[in-house]
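Engineer: These are the residues of each chain, in order.
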Amino acid sequence: MTLDISADADLPEFLGGAAADSQRVRRPTSPTGEGRTPGEPGLWVFILGDMSLFGAFFVVALWQRRAAPAQFEVSAQELMRSTGLINTAVLLLSSYLVVSALWAHRRGGMRRATLSLVGALACGLVFAALKVAEYLHVLGSGRTPATDMFYTFYFVLTGVHLLHVLIGVVLLAAWMGVLRNGRAVTRYVEGSAVYWHMVDLLWVVIFTLLYLVCAA
Amino acid sequence: MSTRVPLLCAWSGPATVIVATIGFLIAGVLPFPLGPNSSVTEVVDFYSDSTRVAAGLVIAGLGVCLVFPLIALIGVYLVRMEGRNPILAFVQLITGAATGVVLLVPLLLMTAISFRPDRSPELTVTLNDISWLLFITPIGPFMIQNIAIGTAILRDQRGLLPRWVGYVNYWVAFLFVPDVLAFFFHSGPFAWRGIFVFWLAFVAYAAFLVVMGFTLRRAILDESKLHASKAVAV
Numbered sequence: 004m005t006l007d008i009s010a011d012a013d014l015p016e017f018l019g020g021a022a023a024d025s026q027r028v029r030r031p032t033s034p035t036g037e038g039r040t041p042g043e044p045g046l047w048v049f050i051l052g053d054m055s056l057f058g059a060f061f062v063v064a065l066w067q068r069r070a071a072p073a074q075f076e077v078s079a080q081e082l083m084r085s086t087g088l089i090n091t092a093v094l095l096l097s098s099y100l101v102v103s104a105l106w107a108h109r110r111g112g113m114r115r116a117t118l119s120l121v122g123a124l125a126c127g128l129v130f131a132a133l134k135v136a137e138y139l140h141v142l143g144s145g146r147t148p149a150t151d152m153f154y155t156f157y158f159v160l161t162g163v164h165l166l167h168v169l170i171g172v173v174l175l176a177a178w179m180g181v182l183r184n185g186r187a188v189t190r191y192v193e194g195s196a197v198y199w200h201m202v203d204l205l206w207v208v209i210f211t212l213l214y215l216v217c218a219a
Numbered sequence: 004m005s006t007r008v009p010l011l012c013a014w015s016g017p018a019t020v021i022v023a024t025i026g027f028l029i030a031g032v033l034p035f036p037l038g039p040n041s042s043v044t045e046v047v048d049f050y051s052d053s054t055r056v057a058a059g060l061v062i063a064g065l066g067v068c069l070v071f072p073l074i075a076l077i078g079v080y081l082v083r084m085e086g087r088n089p090i091l092a093f094v095q096l097i098t099g100a101a102t103g104v105v106l107l108v109p110l111l112l113m114t115a116i117s118f119r120p121d122r123s124p125e126l127t128v129t130l131n132d133i134s135w136l137l138f139i140t141p142i143g144p145f146m147i148q149n150i151a152i153g154t155a156i157l158r159d160q161r162g163l164l165p166r167w168v169g170y171v172n173y174w175v176a177f178l179f180v181p182d183v184l185a186f187f188f189h190s191g192p193f194a195w196r197g198i199f200v201f202w203l204a205f206v207a208y209a210a211f212l213v214v215m216g217f218t219l220r221r222a223i224l225d226e227s228k229l230h231a232s233k234a235v236a237v
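Top line first, the protein sequences correspond to chains A and B. Residues 4 to 219 (our numbering) are what the first sequence spells out, left to right. Residues 4 to 237 (our numbering) are what the second sequence spells out, left to right.
Rather than coming from a laboratory, the hints here were simulated on the basis of the structure. Check the hints yourself; a few may be wrong.
[What the hints assert, rightly or not] Computed list of chain A residues with no C-beta within reach of chain B, every gap over 12 angstroms:
1. VAL48
2. SER55
3. LEU96
4. VAL102
5. SER103
6. TRP106
7. THR117
8. LEU118
9. VAL121
10. GLY122
11. LYS134
12. GLY145
13. LEU204
[To be verified] Derived SDA-like pairs: lysine to any residue, alpha-carbon spacing no greater than 25 angstroms straight-line:
14. LYS134(A) / VAL180(B)
15. LYS134(A) / PHE186(B)
16. LYS134(A) / GLY58(A)
17. LYS134(A) / VAL163(A)
18. LYS134(A) / ARG221(B)
19. LYS134(A) / PHE177(B)
20. LYS134(A) / VAL197(A)
21. LYS134(A) / PHE187(B)
22. LYS134(A) / ALA187(A)
23. LYS134(A) / THR86(A)
24. LYS134(A) / VAL216(A)
25. LYS228(B) / SER5(B)
We put the beta carbon where it would ideally sit given N, CA and C, even for glycine.
Hey, can you work out the whole structure from these sequences and the hints?
Structural biologist: The following block contains the structure:
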């Protein structure tokens, strides 16, 4: 009953492992057959886990709204609904472009996939720019996260979501790297696409909650 | 190397949660911790039973240190996953060591507050604010540690640990994000005692310790079984 780590051939060099180990094992590419989990099953632990954090945000926000519906209504009506609507459209378009990029990538249409990804990346950046412009406008009118509970949730929900968007942009950019190397669709690529759709889905709920439900 | 030491290190993950929770319950930090909107009287009262508070916090402080053996064991597995250039293993060891320290220091500070409960109340409130904000907000080392573990697991070709554990680590890293909001709110769900700050961080970190402890234990046992069956076959 021993656990002998010196039996590993690939110990680090400074622990006496073999020096030449430059050849990496090729990561298995994911099959494209029907009836399998997109990305990989473990990915969904993260996706559903992350969505449940947002779910808890939504529940607590609605709970707090019950205590002061009038105040939530007044504050929510100050938001520019048009900006939120444009951002929703931008993210929905980006999700479509990600679908189209994955579709093209699977069929080896690297050029089409790259173009779609560039479009999706641009959408992500437009979303972030509009969000920042909206923050500046809201802060400029003297509203801060401490103004009231509505603005607390406005800044926290959109801020944590914006962090997700920026991480998504990095993931999509790395996907472009996979395309440039001419490699097939990997678990990573599918995982990034799933992540991007989650970011989109979360925004749709955040938009509905903050800009529509609270203002009604 | 026998499996006994690695298994003890794996068990130290869940043990961290159990011992620290017991300490918190004795000290009165759990089930209802002080908040930023607690009155001066409430804060002074909390520390007035200084022997009980100090004893509980000493236990919690020792419990928190049980995380160090777990971090070492995670480090060994990350070295094996990464092979020749175990950079993430080092990132995990460095940040992991820092997490233990940033958990320990505020607990020591709280214990020190209980040392002289008859001091002027404003000082007790200030020291209490400092210890709670130090306890809750330094999320950097935790998040980097989780991302290093998650990335190492997902890049590992041999599958030493299940891949979902990698994704759990990414998730836990995200769950720490709201903690910095403790600086900006004195009441509500994002204050330090709020559901999205103390409670979320507590549950997320406990989940991390338990998941890592049990999956590493499983990996150690499976591997030793494999070695044993190989030895029989030879």
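Engineer: Now tell me, hint by hint, if it's right for this structure.
Structural biologist: Cross-check of the supplied hints:
1. VAL48: It is violated; VAL48(A) is separated from chain B by about 5 angstroms at its closest Cβ, not greater than 12 angstroms.
2. SER55: Given a closest Cβ separation of 9 angstroms, the condition is violated.
3. LEU96: Holds: least Cβ distance 26 angstroms, greater than 12 angstroms.
4. VAL102: Given that every Cβ of chain B is farther than 12 angstroms from that of VAL102(A), nearest at about 22 angstroms, it holds.
5. SER103: holds (26 angstroms)
6. TRP106: Non-interface label on TRP106(A) holds, nearest chain B Cβ at 25 angstroms vs cutoff 12 angstroms.
7. THR117: Holds, since 25 angstroms exceeds 12 angstroms.
8. LEU118: holds (28 angstroms)
9. VAL121: holds (26 angstroms)
10. GLY122: holds (27 angstroms)
11. LYS134: holds (17 angstroms)
12. GLY145: It holds; GLY145(A) is separated from chain B by about 16 angstroms at its closest Cβ, greater than 12 angstroms.
13. LEU204: With a cut-off of 12 angstroms, LEU204(A) remains clear of chain B, as the shortest Cβ separation is near 16 angstroms.
14. LYS134(A) / VAL180(B): Within the cut-off at roughly 19 angstroms; holds.
15. LYS134(A) / PHE186(B): holds (23 angstroms)
16. LYS134(A) / GLY58(A): holds (21 angstroms)
17. LYS134(A) / VAL163(A): holds (12 angstroms)
18. LYS134(A) / ARG221(B): Given that 25 angstroms is the threshold and the Cα spacing comes to 45 angstroms, the pair is violated.
19. LYS134(A) / PHE177(B): Holds, because 21 angstroms separates the two Cα atoms, which is no more than 25 angstroms.
20. LYS134(A) / VAL197(A): holds (22 angstroms)
21. LYS134(A) / PHE187(B): holds (21 angstroms)
22. LYS134(A) / ALA187(A): Not OK: LYS134(A) and ALA187(A) at ~34 angstroms, beyond 25 angstroms, violated.
23. LYS134(A) / THR86(A): Holds - the C-alpha atoms of THR86(A) and LYS134(A) are around 8 angstroms apart, at most 25 angstroms.
24. LYS134(A) / VAL216(A): holds (20 angstroms)
25. LYS228(B) / SER5(B): Between LYS228(B) and SER5(B) the Cα gap is close to 12 angstroms, so the pair holds against 25 angstroms.
When each numbered hint is compared with the structure, violations occur for hints 1, 2, 18, 22.
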